[in-house]
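Undergrad: Residues per chain, in single letters:
Number of protein chains: 2
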Amino acid sequence: MSTIWFATSNKGKLIEVQERFSHFGVEVEQLIAPYPEIQADTLEEVVEAGLTHLWKEHARPLMIDDSGIFLDNKEGFPGVYSAYVLHTLGCQGILDLMHSDTERPAHFECCAGYIDEKGQVLVAKGRVDGHISKEEKGTTGFGFDPIFVPEGHDRTFAEMSLEEKNKMSHRSRAFDKLAEMMELEKD
Amino acid sequence: MSTIWFATSNKGKLIEVQERFSHFGVEVEQLIAPYPEIQADTLEEVVEAGLTHLWKEHARPLMIDDSGIFLDNKEGFPGVYSAYVLHTLGCQGILDLMHSDTERPAHFECCAGYIDEKGQVLVAKGRVDGHISKEEKGTTGFGFDPIFVPEGHDRTFAEMSLEEKNKMSHRSRAFDKLAEMMELEKD
Numbered sequence: 001m002s003t004i005w006f007a008t009s010n011k012g013k014l015i016e017v018q019e020r021f022s023h024f025g026v027e028v029e030q031l032i033a034p035y036p037e038i039q040a041d042t043l044e045e046v047v048e049a050g051l052t053h054l055w056k057e058h059a060r061p062l063m064i065d066d067s068g069i070f071l072d073n074k075e076g077f078p079g080v081y082s083a084y085v086l087h088t089l090g091c092q093g094i095l096d097l098m099h100s101d102t103e104r105p106a107h108f109e110c111c112a113g114y115i116d117e118k119g120q121v122l123v124a125k126g127r128v129d130g131h132i133s134k135e136e137k138g139t140t141g142f143g144f145d146p147i148f149v150p151e152g153h154d155r156t157f158a159e160m161s162l163e164e165k166n167k168m169s170h171r172s173r174a175f176d177k178l179a180e181m182m183e184l185e186k187d
Numbered sequence: 001m002s003t004i005w006f007a008t009s010n011k012g013k014l015i016e017v018q019e020r021f022s023h024f025g026v027e028v029e030q031l032i033a034p035y036p037e038i039q040a041d042t043l044e045e046v047v048e049a050g051l052t053h054l055w056k057e058h059a060r061p062l063m064i065d066d067s068g069i070f071l072d073n074k075e076g077f078p079g080v081y082s083a084y085v086l087h088t089l090g091c092q093g094i095l096d097l098m099h100s101d102t103e104r105p106a107h108f109e110c111c112a113g114y115i116d117e118k119g120q121v122l123v124a125k126g127r128v129d130g131h132i133s134k135e136e137k138g139t140t141g142f143g144f145d146p147i148f149v150p151e152g153h154d155r156t157f158a159e160m161s162l163e164e165k166n167k168m169s170h171r172s173r174a175f176d177k178l179a180e181m182m183e184l185e186k187d
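Protein sequences, first through last, are from chains G and A.
Each residue of the first sequence is one higher than the last, beginning at 1 in the numbering used here.
Each residue of the second sequence is one higher than the last, beginning at 1 in the numbering used here.
Derived from the structure by calculation, the hints contain no laboratory data.
The list makes no distinction among identical chains, and a pair is therefore deemed to hold if it is satisfied within one copy or across any two copies.
Think about it this way: if two alpha-carbon atoms lie no more than 25 Å apart in a straight line, the pair counts; the simulated DMTMM-like pairs of lysine to aspartate or glutamate are:
| id | residue 1 | residue 2 |
| --- | --- | --- |
| 1 | Lys125 | Asp187 |
| 2 | Lys137 | Asp96 |
| 3 | Lys11 | Glu159 |
| 4 | Lys134 | Asp96 |
| 5 | Lys134 | Asp101 |
| 6 | Lys125 | Asp176 |
| 7 | Lys137 | Asp101 |
| 8 | Lys137 | Asp154 |
Because the structure is a prediction, the values reported are computed rather than measured.
Model the full assembly from the supplied sequences, consistent with the hints where possible.
TA: And the structure:
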């Protein structure tokens with residue numbers, strides 16, 4: 001196996017995952033193929049439904065992922081609705097929501113999924129804990145990166161190089177686990 | 001027709017709709033029957049899918065509704081996700097989100113639907129414009145009522161009697177239109 005399709009329209013995600021799979025000597029190719037995101041309580045459900053849908057349409061092994069940011073003191077908001085909230089409120093909306101909060105714990109979760117030629121599904125989860133910054137900082141990455149400071153650091157994901165972020169990100173952790181489940185071997 | 005089933009677990013909604021249909025000499029009975037809410041862009045889609053699902057399960061004419069609050073300066077957030085946002089952030093979350101906003105326009109929308117014995121679907125929409133108050137006020141009603149001030153008034157929905165709110169609410173307007181489409185006649 002030397003090429004795997006990754007269905008995403010998000011260039012930032014693509015680059016992260018390409019970097020990750022390069023350690024296994026695997027090339028990741030982008031597949032532009034929208035799929036319906038079901039309303040579900042968990043990222044896993046969204047990913048499993050998406051994989052099955054895409055596999056029926058494109059009949060080839062492929063990967064997708066879904067991720068979200070969870071504010072630990074706000075019942076996990078926005079969680080599975082992160083994309084919607086990013087689109088409507090943006091990072092500033094999260095800062096506004098927390099304007100009077102001194103405790104600001106949050107975590108990112110990513111669920112990465114792979115469906116093989118037989119329609120067999122593998123899913124893996126990755127998580128990174130941290131907190132929400134007081135203001136937006138940095139320009140790299142995407143999504144809520146400018147307001148998320150991972151544990152043990154004092155800079156946001158958007159202030160880090162892709163390489164530095166990839167060492168600890170929820171997405172890296174999920175795709176590393178997925179690669180392991182796919183029995184890929186590190187170069 | 002003298003009794004119609006209304007599938008809802010929300011006592012506040014039930015009372016509103018009962019009051020409304022009493023003007024048509026129709027009794028509204030509560031049906032406790034949960035149904036999946038699909039992830040959709042519009043209230044109509046949620047209602048149509050819910051009606052079809054319930055009709056298959058319960059094989060009787062019935063009504064449901066779905067409603068949301070839309071912040072006009074926040075891309076319509078939380079809209080179809082209002083129930084989730086009420087549960088996670090509550091009214092206080094909306095106030096936090098708007099803590100620095102002087103312009104605070106918002107509207108409520110309700111989509112009411114009816115499915116008849118043959119599975120034929122009718123849907124009607126109601127809307128009320130207004131703004132978000134600076135703090136929670138009042139104790140009647142439910143949901144986001146304590147922070148919504150309808151146009152032309154200076155009190156929130158939660159500071160009004162059910163009768164006063166019902167004269168102008170999005171839900172009343174939707175169910176009045178629905179009653180008209182059902183060809184019910186006012187007493």
